[in-house]
Every structure is written in C-alpha cells, then in structure tokens.
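Chemist: Each chain, written out:
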Amino acid sequence: MPRSDQDSQGRPVVVITGTGVLTSLGQGKADNWARLTGGVSGIHRISRFPVAGLRTTIAGTVDFVPVAALSAPALSERLAELVAEEAIAEAAIGRPGDFPGRLFLALPPVELEWPQRLALAEASGANETVGYEDLLRAAGSGAFEANYRRFLFGSVAENLADALGTKGSPVAISTACASGATAIQLALEAIRRGETEAALCIGTDASVNPESLIRFSLLSALSTRNDPPEAASRPFSKDRDGFVMSEGAGALVLESLAHARARGARILGVVEGCGERADSFHRTRSNPDGRPIIACLRNALEDAGIGPEDVDYINAHGTGTPENDKMEWLGVSTVFGERAGSIPMSSNKSMIGHTLTAAGAVEAVFSLLTLREGRIPPTINYDAPDPALPVDCVPNVARDATLRRAISNSFGFGGQNVSLVLATEPA
Amino acid sequence: MADPSPRDALITGIGLVSCLGEGLDAHWAALDDPTGFRPVVDEAGFAPWPVHPIAKLDLDRQIPKKGDQRQMEAWQRIGTYAAGLALEDAGVKGDAGLLGRMDMIVAAGGGERDYAADAAILSALPRAADPGALLNERLMSDLRPTLLLAQLSNLLAGNISVVHGVVGSSKTFMGEEAAGADAVRIAAARIAAGQGELFLVGGSYNAQRPDVLLHFEMGGKLWRHPYLPVWARQDAGGGMVLGSLGCFLVIESRAHARARGKAGRARIAHVATDRSRRAPGEAAANAARQWAALPGPLDAAAVISGASGAAPATAEEAAFLAAQGLPVRAAATALGHALEPAFPAGVALASMAVEKGRLFGPLEAAERIMPGALRQAVVTGWGNWRGEAMALVLPAD
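Those protein sequences? They're chains L and C, same order as listed. At position 235 of the first sequence (counting the first as 1) the number is 452 in the numbering used here, and the numbers step up by one without a gap. At position 160 of the second sequence (counting the first as 1) the number is 318 in the numbering used here, and the numbers step up by one without a gap.
Source of the hints: derived by calculation from the structure; they are not laboratory data. Treat the hints loosely; a few may be bogus.
[What the hints assert, rightly or not] Here are the simulated EDC-like cross-link-like pairs (lysine to aspartate or glutamate), alpha carbons at most 16 Å apart as the crow flies:
1) K384(L) x D432(C)
2) K455(L) x E540(L)
3) K543(L) x D603(L)
4) K455(L) x D222(L)
5) K384(L) x E440(C)
[To be verified] One-sided and incomplete, this derived list gives chain L residues near chain C with beta-carbon spacing under 8 Å:
6) A269
7) V347
8) E493
9) R515
10) I523
All C-beta atoms, glycine included, are put in the ideal place defined by N, C-alpha and C.
Whenever a hint applies, use it, and build me the whole structure from the sequences.
Modeler: Laid out in structure tokens, this is it:
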C-alpha cells in the first residue's frame, strides 16, 4: 500500500470499496460474473409487451424483479435499490438508511407512459375522440396524484435518498449512454475537492417499453437480427447491425483513500481519472475525424497521470452499431498507436446488450471485476471479424491475464463522451 | 468583504429570454417599470390555466441554420437561443479556443410530445381488437424518427454543442428545480477548487405544452384561476403559473476572466443545496441552516425568491423570508415558474440587481420598495415538490 493518500497531482486518491450489479444475466456480482465470463447472453425475445409489427423483437429486459406498478422509473428505482444494497453491504459503510455521503444517479429521462395515459383517457369519459383537453380534465380529479410524483424527473433520486439516507441534494444525471460514467466522474470530482468523503454512484435503466424501443428503432439504431436473440449483439463483427436495448443497474461506493483507511475498509480498486469531451458534429453521429473520442481518451490518461503504455485492458463502449465500433476503434488506434491491436478490448454489451444510462456504471463494475479476477470477459458472437477493425476483442472465450489498469469507455447520443481509468491499487 | 480571490466565480455572461422579452435590458425595463409591474400572461390559450408565453424570438440570430431549428422542439430552441445570448454577452461566442475548453452543465426536463399522434392513438386503442399490436403499428408509423432527439433530456446540451460549439464537457442534470440549483452549485464549486475555469450553466422550459400542464395538474400544483402574483395566490390555496423561459449563465474564475480582460457582472459568493421530506417546517429548517452559512454581512440585501407558487411550500417560504426582514421579489410573478432553469434565472435577476446597485420595484402589493443601495442578493430555490437551495450574489469587485 502507498504511503500517501494523495495522487501525483496532489489530489485525494479516490478508491472503490463496494460494488453492486444487476443485468439481464442475473442479480448480484457472483451470478453476473459467472455468466459474463462463461460467454452467456442475457438477450431474449421480449415478453413484457406485444411485439407484433416491430422490427426489433428482442431485448435484455430484467423480468425477474417485481414492482407494484411497472413503469420505467419504478423499475429503474427498484434496480437501483438492489445494486445499492449490494454495494453498501460490500463496503460495510454507514448504517442501514444512513449512507455518509452524496448520491449521484444516472437514470433514463422520465415521462408519462401509455398505460397511465390510457387510464387518464378512460377516466375522462370522452367518447369518440380523446385529446389532451380530456386528459387534463381527468387529471384534475386528484385520482392521479401518484403519477405526478412517479413521473417527476427528480423522484427516483429523491426516493433513493430517502431509503438510503444519502446526504445532500442528490444529483440525477442524463448524458445518454455516458450517464453512468458521468455519475462516477461527478463523484470523483466532489471527493477530490473535499466536498464529500464518500459517494454512492448508481446507474440504472429499465426503460424497455414499446415507445422507447420504437424510438430507437426509428433511428435505425437497433439490431434487427431477432433470431436467435443471443446472437444479435455483435460488437466489432463485420455483420454487426445495431445495439440491443437492455436493462440493468450498477452501483459503486467511492471514498477518499484517507476515509477508507481510517475506517479500515477493504479497498477494491482506484478511480485514477476521468476524461470527457463533447462532440459538436451531429446529434447522433460522431465527428468522422474522431477528434472528440481521441480527446476524451487523452483527457482521461492525463487526468490519471499515466501514458497509453500503462493501460492493460479497455472495456469498450462497443455497442455493435456500425458507426460506434468504427469510431471507437479510430479513437483507440489513434491514442494507443501500434499497441492498440494488442491491448485486449472486449465488449460486455455482446452479452448484456446496451444498458443505456446504466451502462457506464454497470461496465465500471465489470471492469473492476476484470482487473481483480485477472480474467477478461469475452466479446461473444465474434465469428465474422471486421477487417477494418483489427481489435483484440477477446473473441468468444474469456481469457486469463494479469491486469493492473483498465479504461472504460462510454459514448452517448448527443455527443457526450466519457472515459474512466480504473486500477487495482493506489499507485 | 474578503479580498478578491482568483478562484471567485464571476458571472461574465447572461442569456435570458422569457415572456418579458430578450436580454437584460428588456427584463430590467419590464421589472422596474416606474408605472408599476405589468405581467405578460396568456390566460386564454390553455384556460383555465394561465401561462407566461415566450416572447417572440428571431431564432435566426442565434440558430442560423434552419436545419438546426427544425431538428429541435420549442424547449430546445428557447434554450439554445438563450445559450447563444449568454456566450455573446460573455464575449466567447465563436471563439473556438475558449468553447473547446468550456464546461457545460444543463438542467433539463424532457421534450414535447406529438399531441396529434397521442390523441389519435388514445382515440383508437379502446376500440382495437389487439391494442398492443395497434399501439406498435401507430407508433411505428406516426412518430417522427427525429422526435426522440427533440425529447431526450440531454439533447438541449447536444444542440448547444452542435450550434454553438461548446465542447469542453457536457453534463445534463434532471430533477426539476433542484437540477438547476445543483448545476450552479457544482460549477461554482469546481471553479473554487480549480477544477474548471469557464462554465456555461442553465436550462430552458417551454410552459406552453399540454403535457407539462397535465403532469402538474395531476399533482394539484397549478393555479387554475385568472392570474394573480405568487404571494397573492396563497390565500386562495396557492398554485403555479408556469412560464416559458431560457436562461444561461457564463460562470468564470476571476483569474480566467482577468486574463482575457473581461469584467464580471457579479460574483456568485455562495451556493448551497439540500433536500428534505417536506414535513411541515423541514424546508424552512434547511433554509435557516443555509441562511446562517451565508458569508459576510447582509447589510444592503434583498431576496430573489424562487417560490413556485405551489402550496404548502410557498407559504412556508413566505413565513421564513418574512422573519429575515429583507425586501423580497418573487421571480415567478414576473417570469412564471420555469422548473429547471428557475434557479439560474433567479441568479440572473440577482446579478442584474447587484450590478445596478439597486433592487427593481415591487411586483405585487405584498412586496415593499427597497429605497437604498443593494449590495447583496440572496436567491432561494425551493422545489414545488422537493429540494431547497440558496445562493448569495455579490458585486463582482
């Protein structure tokens, strides 16, 4: 263990002392890790709602966690609770309902959903045609007050803060597919500036419903390779055709090293740095010259005070869209040069699909497990390599390796790019 | 007052658009009308709910490409426009070097729905033999492919990156009023800690939307009578009158502003945010702690309140503020309540007032004239449901 609680730039070292994860592969780290390293896919045919007429009929939904009134915020909140409990138990921090630090929560945008809209329409008593004036009339009865709270953008975070006893105003984040990583970044910065000694970072997403699936489908972002479902997510393959929408959650307890040491906590890893760079090229496409992703990766290395040669593993954003994987390789190959093709760079999304706003947190948990276990989860469905992407994606079978440091990439619609640097031990 | 620190968070640019118009001068003229404040309210368009409509904007001035305008819904156009005004005011618009290092924190809800498509689906589904299949079919055929990009919370920030080139970093906070307050708080904290030099912080809100009225009507939060100012509404049960608004602040370290020869309009000396479960008195207790932690004297001070108008929080805040004894202005009386950007807008009004050295006139009978000089402006931000925030805005120097 190092002597100093500060990093080479004089900032508090920020460590991870607890993690929790839940995906379509199962609940908890043990089940997820066994399946992830076993090359098991969590993608299946959608049973939550009818799929008649849809181009994409598969997803990585989480169907094994019951909630009273299903909606994206309700299930997202429940998944967040479950992973938070796992992370807090592992960290053995605080007391039940009394977490001694801030909450940073990544979650999907919230809006009223079709079942609630239909209930309002029915209550309005409108006959032939129903419009918003009818819904508004029904809304005034007071019978839908629970919808008001449920579909506030702030209520998931507020309810979690109530349940977990986190301190201060919770920050709810939306940076699209980078949200989970942004939550970790905000916590890292808050601990570094001494605002809080501990933070709970959660990314959660349970937004697979007809409308959100169709919205992504209409942008041609989703794989339509429906049969067999487990073969649809094909990052870095020549025949990749889109991402698979999925659900899940990940949680990390972050603390200053000084705080963790003082309470005798077991240190699982270090968040050495974070890089970010936004893209001004287009709302859904990356700048073709790759500059934003390159700058994002370089900012991460600089923030961590390391060079490209110090990175042993890259947990790819690796969505399996033609565009993402090409741009990610352009960024990685530019920053890592000749080493790029020999740094293992696998995509968890080949098995769990794209957990969207949760992805950055889920994959940070998996990156940490990869470092700690010395075993790299594979990129499955890799049987038609794309010659334009000569990446070592750890094809199809997990691989043992001695690893000290990983980068986890998250790139979002809207041009929001974040890369995290994680390590096993304080430098 | 403490000596100026290079890590002070200065406001070096403000972009504000609302029912009162565009820019600081238009707002000050409307707020400080010597003949008395006259609200701009649309009482007919969404009756019985009054709303404050956005002033007419010449979008081409800040969003020159028609293609960009078409890719956005109103909330994004309002916000992208206000962001452009702020960048212009700060003298950084079009400066690729500065924009490439600029950190952006946007507070946002979500975008407009396609009301016609929703109505058609709601009308058809109850009679459908297979409602699930019909929902899929209609959504597949009726939703515009780009609608998602007009709805996603983070796509106001995305549009600001595309239109104005702000790319240093981009974060979007969700969570109604608290999101706007935490955006300002975190920008100021990062500047103080040397974690950033130049920030664009704010948000936008389109109140002229049946879906947002629907949401707050379900919660019983709206004022559904002819317009009254915020405090005057409380005797009749309270309620929010929503307002369309865009507000962005350029917040910059004193060192950075000085190095590029830019004077600050005002200084954000303190920002605190917290939460409570809102049992009676809990929000006021948070505010009392925040008040006690404000730095320096409040010897020439006034309050810009972010009170939403909704009961019971507004009455609790009114009582808390009355006990402090300072002149108060409820921003929502003039601007309407605008959720996410309400707190940044309160900071903008505070900045204007301390820069001019005096408070604008009362907005309603319950507010009193402040005859003397103004040197400190306290900004409050209590959410209509949760969250309590407070800022202190001081002169820049």
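Chemist: All hints are to be evaluated individually against the structure, with a verdict given for each.
Modeler: Right, here's what the structure says about each hint:
For the suggested pair K384(L) and D432(C), the alpha carbons sit about 8 Å apart, so the restraint of at most 16 Å is met. Simply put, K455(L) and E540(L) have alpha-carbon atoms about 12 Å apart, close enough for the 16 Å limit, and the pair holds. For the proposed pair K543(L) and D603(L), the alpha carbon gap of about 10 Å is at most 16 Å, so the pair holds. A distance of roughly 46 Å separates the Cα atoms of K455(L) and D222(L); the hinted pair therefore is violated under the 16 Å criterion.
For a cut-off of 16 Å, the pair hint linking K384(L) to E440(C) stands: about 15 Å separates their Cα positions. Given the 8 Å rule on beta carbons, the hint for A269(L) holds: about 4 Å separates it from the nearest Cβ of chain C. Annotation: interface hint on V347(L) holds; nearest CB of chain C at approximately 4 Å, less than 8 Å. Interface hint at E493(L): satisfied, since its Cβ lies 4 Å from the closest Cβ of chain C, which is below the 8 Å cut-off.
Checking R515(L) against chain C: minimum C-beta separation of about 13 Å lies over 8 Å; hint violated. With 8 Å as the threshold, the beta carbon of I523(L) stays out of range of chain C, its nearest partner Cβ sitting at about 19 Å, so the hint is violated.
Checked against the numbered hints listed earlier, the structure breaks hints 4, 9 and 10; every other hint is satisfied.
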